[in-house]
Structure formats: structure tokens, C-alpha cells
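Visitor: Each chain, written out:
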Amino acid sequence: MRLDARFSWLPTPFRSLMLFSVWLLLNNSLSAGHIVLGLILAIVIPLVTQPFRTKQPLILKPGLAIRHLLLVLYDIITANVQVALLILGPTKRLNPGFIKVPLDLSHSMPITILASTVSLTPGTVSAEVYPWLESLPNGDKPEQRYLLIHVLNLEDEEELVKTIKQRYEAPLKEIFQC
Amino acid sequence: MAEWIISILLLIGGFFVLVGSIGLVKMPDFFMRLHGPTKATTLGMASLLTAAMIYFSQLQDGVSAKEILISIFLLLTAPISGYMLIKSAIHHKLKSIERTSGNDNIEDDV
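Top line first, the protein sequences correspond to chains A and B. First residue of the first sequence? That's 1 in this note's numbering, and the numbers climb one at a time after it. First residue of the second sequence? That's 1 in this note's numbering, and the numbers climb one at a time after it.
Be aware that one or more of the hints could be misleading.
As the list claims (entries may be wrong) - No farther apart than 16 Å at their CA atoms in a straight line, the calculated lysine to aspartate or glutamate pairs in the EDC-like style are these:
#1 Lys100/A / Asp108/B
#2 Lys100/A / Asp104/B
#3 Lys100/A / Asp4/A
#4 Lys61/A / Glu143/A
#5 Lys100/A / Glu107/B
#6 Lys92/A / Asp104/B
#7 Lys61/A / Glu159/A
#8 Lys165/A / Asp75/A
#9 Lys55/A / Asp4/A
#10 Lys93/B / Asp108/B
#11 Lys165/A / Asp104/A
#12 Lys100/A / Glu174/A
#13 Lys92/A / Asp108/B
#14 Lys93/B / Asp104/B
#15 Lys141/A / Asp104/A
Treat the hints as calculated values from the structure; they're not laboratory data. Only a predicted model underlies this, so the values are computations on that prediction, with no experimental measurement involved.
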């Protein structure tokens with residue numbers, strides 16, 4: 001896990017990239033003026049707002065991150081078709097259930113991303129991260145965290161846990177190295 | 001040609017949004033109801049917005065790409081609203097239907 005970027009004038013490279021592309025998309029133009037203005041905004045806004053933010057882990061493997069993003073987008077499409085079939089099919093045959101997935105990730109930001117991916121992919125909605133940090137004695141780090149997931153149609157619990165861990169968690173762990 | 005693509009995308013989008021709403025009505029308990037809106041709707045909206053993008057790119061000169069932004073923000077916010085809903089449902093100890101397995105995985109909150 002790395003919190004500080006390589007250059008101090010560019011504390012969050014990916015946020016800058018995002019601000020730049022959002023600016024261009026909002027203005028719907030690729031003219032030189034908007035590119036220069038967008039570049040200035042993308043560098044100045046993160047610098048000015050830096051004192052207000054807690055530091056988040058940086059993406060250390062950009063190539064893998066893009067590949068993971070494409071994989072998740074593909075899964076979202078298949079997930080939609082699957083859930084549509086489940087919804088239109090007979091309700092009585094669905095076996096909903098809550099399952100707990102042990103997490104290897106330790107930082108809350110990658111866990112948030114994992115929870116969101118789980119919510120967007122086949123038949124699963126993430127519900128909670130255990131243990132509650134408030135229930136621990138002050139400032140203690142939990143040894144093992146769990147993600148509580150509600151599954152629309154639970155067939156094989158072990159298989160599902162394995163898929164989530166291998167398909168979504170392992171790449172995140174490598175991207176953020178934590 | 002473009003008209004065909006737009007029509008097909010609109011139909012796909014409409015279908016998925018409709019399925020999401022059907023799921024909202026048809027499912028027996030709150031937790032299962034959540035699955036429709038968090039998933040089916042995102043793809044539906046994405047196809048509707050892609051259709052809008054193609055239509056407006058054709059109508060005026062140049063490409064209209066603002067709609068991509070709406071899709072991205074929808075993708076970012078849908079899981080978070082789902083998460084908040086299911087969290088408050090657990091906090092209020094809403095009953096799930098009887099055949100739900102693994103109810104003991106839910107811990108009491110502090």
C-alpha cells in the first residue's frame with residue numbers, strides 16, 4: 001500500500017485524470033482552450049483540496065486496474081441478464097440467503113470497491129462489513145474482516161465465496177497492494 | 001442504420017428498466033426486492049443513455065459524450081444506495097422470508 005504519489009504537485013494522479021476527462025465531457029469539446037483549462041483544474045483542485053482529505057491508497061498497477069474494470073463491466077452485463085431471468089422466472093424456486101465472505105483486504109477503500117462490485121454483479125448485494133469497528137476496544141484493528149452478502153438465489157455457498165475471492169478480490173489486492 | 005441501432009438500444013433499455021420494476025413488485029421480501037433496482041436498472045439506463053448519445057451525435061455536428069458521465073455516476077451510486085438501504089433494513093431487523101438461509105450470519109449492531 002502506498003499513500004503518497006511520486007510527485008508532490010500531483011498528489012492523486014487518477015483523480016486528476018478523472019477531473020480532466022469529466023471537464024472535457026461536460027463541455028463536450030476537445031478544443032485547445034478547454035484542454036488547457038481542464039489541465040489547470042485537474043492539477044489545482046487536488047492540490048487545494050488535499051488538506052481536507054484523508055489519504056487513500058494509490059493504484060499501483062494501472063494496467064491491471066483497467067483490465068479489472070473491463071472484466072467488471074462485462075460481468076455487469078451478464079449479471080443483468082441473469083438477474084432479469086431470475087426475476088421473470090418463478091419466485092418460489094428462488095433460495096435467498098445471507099453469506100459471509102472472509103476478506104483479505106485490510107484498507108477500507110479497496111473493501112468499498114469490492115462491496116460495490118459485488119452489488120453490481122450476479123444476484124448478490126453486499127450488506128455489511130464485520131466486525132463493527134465501534135465494537136472493538138479503542139483503535140484496535142480487527143484481525144479478520146467479513147463481508148455480509150445477500151444472495152438472490154443461493155446454490156453453492158463455497159463456490160460463490162471462491163468466485164468472489166478469486167475474480168474480484170485478488171485483482172484488487174494486487175492493484176492496491178494491501 | 002443509426003435509427004435501427006437507436007431503436008434496438010431503446011428497446012433493450014426499456015426492457016431492463018421494466019424488469020427491474022417488476023422485480024420490485026414481485027419479490028416477496030425487502031432483501032430480494034433490492035436486487036432488481038441495483039442491477040437491472042443500471043444496464044437499462046446505460047442502454048437508454050447510449051441511445052441518447054447516438055441520437056444527439058447524429059442530430060448535431062460532433063460527438064455528444066456527456067451521457068457517458070451519467071452512466072458512470074449511476075454505476076457509482078447504485079451500489080451505495082443499495083448498501084444504505086440494506087444496512088438500514090438490517091438495523092430495523094426486517095424479517096426475511098422463511099426459506100432464507102444463513103440468517104445467523106447477521107450480527108447485532110452496537
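Visitor: Starting from the hint list further up, note which numbers the structure goes against and sort them upward.
Guide: 3, 4, 6, 7, 12 and 13
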